[in-house]
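**Student:** Sequence:
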Amino acid sequence: PDGAALPAGRPGAGFYLDAVRAEVQLVSRADRQQAIGRPLVYVVTDLFSRMVTGVYVTLGEAQWPHAMLALAHCGADKQQYSQHYGRRIEAEQWPCRHLPEALFVNAALTLGWSGDTLLNNFNLRCVAADEGPDDWRELLARRFRLLPPGADGVPCRLDGVLDLDQFTRIVIDCVLYYNNRCQLAHAGGLTPRQLWHWGREHRGGGLKIYPEQLLRCSLMPVGVGTVSADGIQLFDTLYTCARAINERWFERARLRAPWSVKLAYDPSNLDTVYLLDAAAPMQFHACHMVDSQSARRLLSVAEVARLPRAAAAATPLRSTTQSYAVLTN
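At position 270 of the sequence shown (counting the first as 1) the number is 270 in full-length UniProt numbering, and the numbers step up by one without a gap.
For the record, the hints were derived by calculation from the structure and aren't laboratory data.
Each hint can be trusted.
The calculated EDC-like cross-link candidates involving lysine to aspartate or glutamate, where the alpha carbons are at most 20 Å apart (straight line), are:
id: 1; residue 1: Lys262; residue 2: Glu247
id: 2; residue 1: Lys208; residue 2: Glu92
id: 3; residue 1: Lys208; residue 2: Asp116
id: 4; residue 1: Lys262; residue 2: Asp236
id: 5; residue 1: Lys262; residue 2: Asp230
id: 6; residue 1: Lys208; residue 2: Asp77
id: 7; residue 1: Lys208; residue 2: Glu101
Label pairs and their computed distance ranges (CB to CB):
id: 8; residue 1: Ala108; residue 2: Ala279; range: 33 to 39 Å
id: 9; residue 1: Leu307; residue 2: Arg142; range: 33 to 39 Å
id: 10; residue 1: Gly112; residue 2: Pro258; range: 27 to 33 Å
id: 11; residue 1: Ala242; residue 2: Arg181; range: 42 to 48 Å
id: 12; residue 1: Pro258; residue 2: Arg203; range: 55 to 61 Å
id: 13; residue 1: Val127; residue 2: His202; range: 25 to 31 Å
id: 14; residue 1: Leu111; residue 2: Asp134; range: 17 to 23 Å
The structure displayed is predicted, hence computed values, not measured ones.
Each residue gets a CB set at the ideal place from its N, CA and C atoms; glycine is no exception.
Please construct the entire structure, taking both the sequences and the accompanying hints into account.
**Tutor:** Here you go:
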């Protein structure tokens with residue numbers, strides 16, 4: 001293609017983060033008779049190529065800690081991610097595993113944001129923006145009616161049919177079709193993927209790569225858990241980890257008294273949470289559910305809260321972690 005006829009800029013100079021709610025009522029993976037709410041889809045787009053570089057699907061209200069998991073997904077292995085949801089793809093179909101030089105965020109998502117964290121940890125400048133590219137919306141809108149993040153919906157033909165995994169699979173299909181098949185009018189009919197590759201080859205890129213798990217855990221929401229004789233508790237769910245066993249935390253809690261710890265977690269899947277270490281702020285310790293919690297595996301915060309006898313209220317969100325981290329299993 002003629003470079004003069006293509007948009008200015010280069011891949012990774014800036015990404016735009018936005019969110020939209022789908023007007024479909026999802027059901028719990030634990031009990032398909034139970035409605036759990038309408039999903040919120042966070043989408044990150046490369047400003048130059050319009051490539052969708054990251055997504056995150058969850059429930060609840062739009063908030064900065066959840067939005068950061070969409071940014072973390074920008075650095076994820078998309079083959080592995082897609083396979084988790086039953087979609088086998090080639091690496092070239094979704095080639096983004098990077099952070100940008102700057103992140104532009106829909107102003108509606110910036111309540112409680114911590115741009116300093118991104119700048120200090122990832123040298124990533126964060127800017128509020130009133131609008132950005134939304135070419136991808138048309139593909140989602142063909143499958144679901146889309147709403148602003150805070151809007152209420154009306155009954156939909158798919159209400160009570162899809163769970164969070166099934167809905168996420170549809171979002172992945174839409175993103176793959178958009179990135180690889182949709183022709184961009186402003187770029188001479190190139191697809192986002194073609195423009196992404198052309199830009200990287202001919203104009204370089206402002207793309208930065210970080211270890212996937214390090215990036216993800218550094219950007220997770222943080223909640224306050226309790227160490228007791230039974231385990232490490234968060235969202236009424238019990239966990240254990242190598243550090244707690246080696247240092248005999250549970251025996252200490254039984255003999256003395258419970259104490260609080262900070263845990264990073266993914267609201268859409270509580271299987272593994274990560275213990276923050278105040279004495280070593282650059283480390284996370286992976287905590288896994290104890291065997292007795294098998295009924296809670298693969299569930300989100302919203303689904304766990306609706307399980308029978310789930311007496312504990314959800315722990316309020318805290319700010320995302322403030323430092324780089326080294327994962328410890």
